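Visitor: Next come the chains, spelled out residue by residue.
Number of protein chains: 4
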Amino acid sequence: MAGRVWDAYLTEQDKAHVEYKGGPRTNGFGARPALLLIDLYRRVFGDRPQPLLEAVKEWPNSCGLAAWESLPHIQSLLATAREVGMPVVHTTGLPGSESGVGQWHVGGRDKPRRSHEGGRKQVEQIARLSDIIDEVAPIEGEAFLRKASPSPFFGTPLVGHLTALGVDTLIVAGESTSGCVRASVVDSCTHRYRTIVVEECVFDRHQATHAINLFDMNQKYADVLSLAEVQEWMRGWRAPEDYGIPRATAAR
Amino acid sequence: MAGRVWDAYLTEQDKAHVEYKGGPRTNGFGARPALLLIDLYRRVFGDRPQPLLEAVKEWPNSCGLAAWESLPHIQSLLATAREVGMPVVHTTGLPGSESGVGQWHVGGRDKPRRSHEGGRKQVEQIARLSDIIDEVAPIEGEAFLRKASPSPFFGTPLVGHLTALGVDTLIVAGESTSGCVRASVVDSCTHRYRTIVVEECVFDRHQATHAINLFDMNQKYADVLSLAEVQEWMRGWRAPEDYGIPRATAAR
Amino acid sequence: MAGRVWDAYLTEQDKAHVEYKGGPRTNGFGARPALLLIDLYRRVFGDRPQPLLEAVKEWPNSCGLAAWESLPHIQSLLATAREVGMPVVHTTGLPGSESGVGQWHVGGRDKPRRSHEGGRKQVEQIARLSDIIDEVAPIEGEAFLRKASPSPFFGTPLVGHLTALGVDTLIVAGESTSGCVRASVVDSCTHRYRTIVVEECVFDRHQATHAINLFDMNQKYADVLSLAEVQEWMRGWRAPEDYGIPRATAAR
Amino acid sequence: MAGRVWDAYLTEQDKAHVEYKGGPRTNGFGARPALLLIDLYRRVFGDRPQPLLEAVKEWPNSCGLAAWESLPHIQSLLATAREVGMPVVHTTGLPGSESGVGQWHVGGRDKPRRSHEGGRKQVEQIARLSDIIDEVAPIEGEAFLRKASPSPFFGTPLVGHLTALGVDTLIVAGESTSGCVRASVVDSCTHRYRTIVVEECVFDRHQATHAINLFDMNQKYADVLSLAEVQEWMRGWRAPEDYGIPRATAAR
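Taken in order, these protein sequences are the chains called A, B, C and D.
Reading the first sequence from the start, the letters are residues 11 to 262 in the working numbering.
Reading the second sequence from the start, the letters are residues 11 to 262 in the working numbering.
Reading the third sequence from the start, the letters are residues 11 to 262 in the working numbering.
Reading the fourth sequence from the start, the letters are residues 11 to 262 in the working numbering.
It is possible that some hints are incorrect.
Identical copies go unnamed one by one, so any copy, or any two together, can satisfy a pair.
As the list claims (entries may be wrong) - Taking lysine to any residue and the SDA-like style, the derived pairs with C-alpha atoms no more than 25 angstroms apart in a straight line are:
id	residue 1	residue 2
1	Lys131	Pro250
2	Lys31	Asp57
3	Lys25	Pro59
4	Lys31	Ala147
These are computed hints drawn from the structure, not numbers from a lab.
For clarity, every value in this text was computed on a predicted model and none was experimentally measured.
Start from the sequences, fold in the hints, and give me the full structure.
Guide: As structure tokens, then:
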């Protein structure tokens, strides 16, 4: 693939080294894939597309337009997964107000919010932070896991679910590229799943770190492919018999 | 301690071996304990005390009178923990209907329920299965974790929470002795917490396995102590400064 | 199966409850099994068969004759696995002297050893404690994992290895029934593997706890089957194409 | 801190966003720190300092001069830790030839090595790949863990060891910034350790990704501090009583 998003950020020595080593070999797809959607929640979308520096005034953790530009691609990817019968796993945050568990990011790094009226509006906003947005919300039969860490491999029964399904390949989308997506991809590779990142379907609030994390993941842990490449493979895939129903809840 | 509940179940050879080896040395308590309450939910209590073989007609997973006989002891233990400022962690099941994750116990081992009217009553009962009973329900500031496995060390952020608190000792109560309590105690020891099982505060639907699992835990993983012994220690314990507030949510 | 080893230990109420509930439904075998051998090391065999109460004088953690009586059954099971091309995973202990990690069992529960000369003989014995005995030692191509906890699901890359192989079923043998076997079986079930315990191929230093742990595992986590039943299934099993070679090391 | 290594890589929008949000708040140090050294093995050092594009001809995974320039800083950090009595954990790779577990990085991404004679020299080189280099080798009483994944939180008993020690803070050094260091830092934060990255003591084979991964870690997971800042804190730290001896092996 000539011309990747990360090229502009590499130094001359970086490029010479990559050139010398040759491209990373691909992981390739296995036979039993699942789609893993990371943190497509209100917190990073807000209620409407706005440029990043506007959006953060209302939603401090917004990813701005990058989120909304990815959204149709993610919807398309999800629609294809549902069409071809591929299992889907959704993740979002587990609110500390519910679990009593403190947040991993050592709470409160952000400056106090500025543009809010206090009172009802803010309370309502907080209540919606972890809602997966309607456009890509889970449907019956899809897994929905709430996590208290960047990667859903920690603190959720994800690995058990994937074993019950017999999954060998994870196709990853969501946000942020440099945060929870990266963490999920490292853990996916660690657990020996073939791992695919769909380039148009991941996004970040920072441009440099989006690009470089794609480079890192492609070098070390995953194949970073275009949506078109992934969908082409998905459409040619045939689900193994009985695939997609957790073993333990299948009729016995 | 002369006369333990498991003595009646050991064979002559078992007793001779235990005698030869001498009692297991105790783990002892550390300086930063937490109370871990396992699965005190409606599923095993039902709505009122009934002998086991009656109770299972209405609540197939009931532990019968053993549950209700333990309850005042558990309430007393929990009250002491709250008095002395010891962190408390409650656990219950994460329903597959919510997570989409199949159950670990390869669903449906039980015979179809017999005594139910179908319809509304059954639906209502199912909705309450994972409710922690009112007598020992979590209060503000206590952790509440939902698990999809016997032990809360899998599939929940428990280890992160314990590290945030700096816990070094887990005092364990709940049910069942031979199931989720045993699994939690093995994992607690595996993770290098000093582990204490409060004898009157754990219960089981089977008598032999209750006794033998206490023996196993006492031999290998934990100190099995009486409620009086544990409460005496708790009352003498002084919480370290700032103890009990997860680091990440403390004011910073 | 009429007449199980645990029947003699159950109380009347236990039996009535088991009778009422009906037998646990079986897990059954999947399509991609592996054999998991737990802790077949010198520590529990010593150098020759001796009755338990003799054996512990030389090897304090010996399981006595129970170990040596299981051994031909385990050899037979292992031979069958190798014949039919089933992946094998061996486990043993990771010595703290090598890792610097303290033992999980809160070291030194046993009385000081009595029958040893100090000096060279004892040093030599300690060096061999974690050696898997020759009769069932790993061969080229089999996994060999060293653990610092009862279950190899903690502190080893086991889950990654099983995912790389695509395993869906674990057949478990080794020791002790009430210790590391039980812990491994609970974790296997937790991780959603179909789990089979081969009755003649697990052993313990205590008779009551051997029997009751088989009962517990059969009730909750696994199918406890005879060696004949397991071997019959194994001989009828056909390995899926390319099965048994970790994905990541397969030719690519 | 004015002027960070990552500034040159951020886009205008990135800088504006970072400016708007204000710097991330610091994690700070706790009371019970440990030093975690990641993968200081021959594989990335080779046998002598050489520019990256020379070094990879002999040692395909070399980090070139970046490794050797960090080394005196790492030696200084390690010396300080030993002086003040801070526990040290070393990690390296667990060779698949020993464990039978396939590598996480989907083996063989690199082109075939070019500059080697075959035969004895290559075999000897391979045997040394996972050796921690002499300059920073473990000494008696320090933990030494071998991993089959980027982060030592997977597949080793690290979390048990840290709990036994009562650690609340991890100070991280080693390589590569964008690989195993990043993965370890994410997991450290996930597990709720206060996490410190010592800037001069981490290195990478790529310049852009070194810088951006420091930015990511500083934004989300850790405090990226200078060696001087860290050593100043270390010298003011007083070890709590009995600190540094795993509980389970302490005299009891």
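Visitor: Decide, hint by hint, whether the structure agrees.
Guide: Structure-based check of each hint:
1. Neither within a single protomer nor between protomers do Lys131 and Pro250 lie at most 25 angstroms apart by alpha-carbon distance, with minima of 49 angstroms and 39 angstroms respectively.
2. Within a single copy, Lys31 and Asp57 get their C-alpha atoms only as close as 45 angstroms, which misses the 25 angstroms cut-off; across copies the closest is 20 angstroms, which meets it.
3. For the homomeric pair Lys25 and Pro59, the shortest alpha-carbon distance between copies (21 angstroms) is at most 25 angstroms, but the shortest distance inside one copy (35 angstroms) is not.
4. For the homomeric pair Lys31 and Ala147, neither the shortest alpha-carbon distance inside one copy (42 angstroms) nor that between copies (29 angstroms) is at most 25 angstroms.
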